[in-house]
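Novice: Starting from the structure of chain A, add chains Y and W where the hints point.
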Amino acid sequence: MNDILIMILSTLGAIFILIASFGVFKMPDFYSRLSVTIKAATLGIGCILIAAVLYFSDFSVTTKAIAIMFFLLITSPVAGFLISKVAYMTGTKLWKHSLMDELKDDLEKESNKQSKTEKEN
Amino acid sequence: MLQNFLLNILLTFVWVALTGQLDYANFLFGYTMGFFILWMVNRSIRANTEYFYRVPKIFAFIFLFFYDLLKANFEVMKDVVTPNYNMKPGIVKYEMDAKTDFEITMLANMIALTPGTVVIDLSKDKKFMYIHVMYLTNKEEFKITLSNRIERKLLEILR
Amino acid sequence: MTVEDYIAYVVMPIICLAVFFIILRFIKGPQVVDRVVALDLLITVGVAFITLFSIVVNNPMFLEEAMIMALIAFLSTVAFSYYIFKRKRDE
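Protein chains in written order, with the UniProt record's numbering: chain A, 1 to 121; chain Y, 1 to 159; chain W, 1 to 91.
Since the hints were derived computationally from the structure, they do not count as laboratory data. Please note that the accuracy of each hint is not assured.
Claimed, not checked - Calculated pairs, DSSO-like style, for lysine-lysine (alpha carbon to alpha carbon, straight line, at most 27 Å):
no. : chain 1 : residue 1 : chain 2 : residue 2
1   : A       : K109      : A       : K85
2   : A       : K85       : Y       : K124
3   : Y       : K93       : A       : K109
4   : A       : K113      : Y       : K153
Okay, chain A solo, but in the shape it has when bound (with noise of 0.2 Å):
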């Protein structure tokens, strides 16, 4: 019984592992690929840990995979924001089927103001 427990949730894992690193390939622009990517491979990852602490059924790994869930859960997040950040100032595209884009429009009115200040300087 627990061992067919342990082979559905890593199997469940790796399938959700696989489909993440399948958006990264597959996905036509830069910000759906950040999207599918960081929480696909974390509930991947959780699955896989569960399986883990189901096989060893210990208190020091129980705590371990907690531990590694937590760093996981709070890390990358922050990673995520700095590298979209990032990229839309450096000027990534959108995709060309995008509805609308708020940032820019309040960019350009930004950049305006200032050299409008600026020239009134």
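Specialist: Frame of chain A; chains Y and W shown alone:
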């Protein structure tokens, strides 16, 4: 609030020390029992009951968050596996209710962990957040669900 | 069929296929930021691979490596994004 939490932890350790079984199930059992005992003792004092409503809210929020995570993951998965794209991406400007830096950080973490949404930038006065959304059927509807489902519940816990 | 055999012959090849796709994106990526995201995902998949390996050899010692990798995985992304941002500003 803090006093009740420390008492609860103390009761948990007393339970674990008395039973002598050092595993997670025993810790959880001791914590739950201490929680209910403290609740019963403190029920008559009105000012002290805030802690006992906050803890269930935190657990409800965690469960809701994992449900959202799974649901959004399957949505993205469908788009990855099928050959054509049916996504409608766009960057939305969202006005936050969160004020302090800690609240903004937690909100950005929550938004980043649900698939399909990525926080791109904050405005300089820390009032607006620019979010890249993958499935943008209706802008107003997206803003309302975000503020009702995630932000209001998060702020209820943190404040 | 034991759990160790199942993981070694069924689950680990799936992870290897995932690594193959990520490396394709790493080679192809039109910009530097695409490559940085691929590298970040590669380290995250490495954590999963180490966990599976610790099940196969039946030794929980390897989980410590996975913990350290999960801790420092995001540092490379932060360093790369800082570098790209600085290079852009200096131009």
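Novice: Keeping to a limit of 27 Å between CA atoms, is the pair of K93 of chain Y and K109 of chain A held or broken?
Specialist: Between K93 of chain Y and K109 of chain A the Cα gap is close to 14 Å, so the pair holds against 27 Å.
Novice: Can the restraint linking K109 of chain A and K85 of chain A be considered satisfied, given a maximum Cα separation of 27 Å?
Specialist: holds, 19 Å
Novice: Take a quick look at whether K113 of chain A and K153 of chain Y sit within 27 Å of each other, Cα to Cα.
Specialist: violated, 37 Å
Novice: Given the hint that K85 of chain A pairs with K124 of chain Y, does the C-alpha gap stay at or below 27 Å?
Specialist: holds, 14 Å
The earlier numbered hint that this structure contradicts is number 4, and it is the only one.
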